[in-house]
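Using the hints provided, position chain D relative to the given structure of chain F.
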Amino acid sequence: MNTILAASFLIGGLSAVLAALIVVVDGIVNNYGEVKIDINNGKKELKVNGGASLLTTLSEQGVFIPSACGGRGSCGACKVKVLSDIGPILPTEAPLLEEDEIKQNIRLSCQVKVKSDIAIEIPEELFSAKIFKGVVEKINDLTYDIKEVKIKLIEPNEIEFKAGQYMQLVIPPYEKINEYTQRAYSIASSPSQKDSVEFFIRLVPGGIATTYVHKYLKENDQMELVGPFGEFYMRNTDADMICVAGGSGLAPIKSIVADMFERKITNRNVWLFFGARSLKDLYYVDFFQDMEKKWDRFHFVPALSEPEPQDNWKGETGLITDVLGKYFKEKMDQNTPKEGYLCGSPGMINACIKVMTENGISEDKIYYDKFA
Amino acid sequence: MSPDVGLISLFFASIFTSNILLSNFLGMCSFISVSKDFTSSNGLGLAVTFVMTITTAINWLVYHYLLIPFGLEYLRYIVFIIVIAAIVQISEMVIERMSTNLYMSLGIFLPLITVNCAILGVALFMQIRNYNFLQSVIFGLGSGLGWWLAIVSLAAIRKKVDKSPVPGPLKGPGITLITIGLMAMAFMGFSGMLNVQ
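Chains as they are written, first to last, in our numbering: chain F, 1 to 372; chain D, 1001 to 1197.
Okay, chain F solo, but in the shape it has when bound (with noise of 0.2 Å):
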């Protein structure tokens, strides 16, 4: 018994030594002082501790980068324009840059320290995002593996945002996760409804968020979000929009759609491609089916690529990139212009670029927030 006590005490305190050492190191080691953060030329200037990463630090004082992630370096979304010499590209970085921004030195926010004085360059809007307090208002089974969640805004009660962008849902420690997590998600409520948001969540196999949202998050629950980014929105122009949505990426397309119809943009002719598995993946139907009946340039084509013999599925069948071709070539006006609008799995979006681009609608032209 009491070797057992001497050997828990010796390798405890051991331990605590070499850790408060350790402690001790980093504060003199990694204190690198008071350093400024020259955002946009002077737009806005700020005073931090140095030593932790560059996102962290923006988000401590309430600039907020995007980063679908939560900063592990895997999303890429975090990127900045660093205007002033922060040491070369890091190997944690150089597989999520393309070569025209690493020569504009554009940086993973998430990876770089601020160690000392440095400038970088952020797209204005980013100003605007906020941290949200909520409260969640109705959690509902969409299909088996997605959610509907709304979540009721307290503070800010409010919200302004682009029909298409996304918010990062802040995760608290729950099991064995026992730290804040941050991922990204589209909003699927339409603009209008400013006093809420709505997300389409799938169920994502050992997902830290996606889990917690299935099997911990309630009715009545607070939550904290942060937000809006994005990319992912309607241009203003008169081509053919081709929406292409699988699984939970119909959330974005939904928030677009229902805006226009709100808002009156009918003039345009738009395609939502809807593809699933078999008939329970399918959700929505009826909403989209609906907007078929009271816009007449909306066109609504849900496809099944398994469709199992009990769901008497009549619809589209096969994947949805070949659908997706065969509806270029048969269904749709080959000489009025067109932009793709695209949301679901890297593979799949991947794959309808390549069905996009060999139809005619350039790469410029079709957008997509991609969430790996």
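If you are wondering where the hints come from, they were derived from the structure by calculation, not from laboratory data.
Virtual Cβ for every residue (Gly too), placed ideally from N, Cα, C.
Hints should not be assumed to be uniformly reliable.
Ranges between beta-carbon positions, derived for each pair [what the hints assert, rightly or not]: (1) S1099(D) <-> D238(F): 55 to 61 Å; (2) D26(F) <-> D1037(D): 27 to 33 Å; (3) N1132(D) <-> V23(F): 53 to 59 Å; (4) I1178(D) <-> P172(F): 52 to 58 Å; (5) L1170(D) <-> S362(F): 44 to 50 Å.
Quick look at chain D alone, frame taken from chain F:
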């Protein structure tokens, strides 16, 4: 009872005749992976030397003043590793502050020093061979320098080999392993001059 080994003999023996890498084959993973370029090899070699010297000294103190008095010698593996992990953490912070370029070129291999078996090997040899404190520090320093000498030598040789007409199937890891074998044989030439086992 400490062995009767002169400090100078121990120092040179741990660099050459009993090189931790080329005679005991400990620490091979980072040795092979980081020896592709000279600057990184040099940096990692110096970092290993630093960590090895410091951890050997601390581990000697911990072993003799904590583990032996409480009869907990059997905990030496876990205790040695805890000390090594902490010192590596500290080295990582210091290197990041002092030389960002070196920090970046070492990449993942810097934290991996923690699991570099050469470091644990030296701590265990020191204990098995009953070295006193000074002998242990000299042994740690010498072994670190021996590891550093081996990795920079391999980096230099690989630079030459890269420009040599190596048969296709042997390119990369194949020729590197052959080179290491030849280096080990060359170091064997020193054996017999000094004996510290």
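**Study point:** Numbers of the earlier hints that this structure fails to satisfy, in rising order
**Key:** Of the numbered hints, just 3 does not hold.
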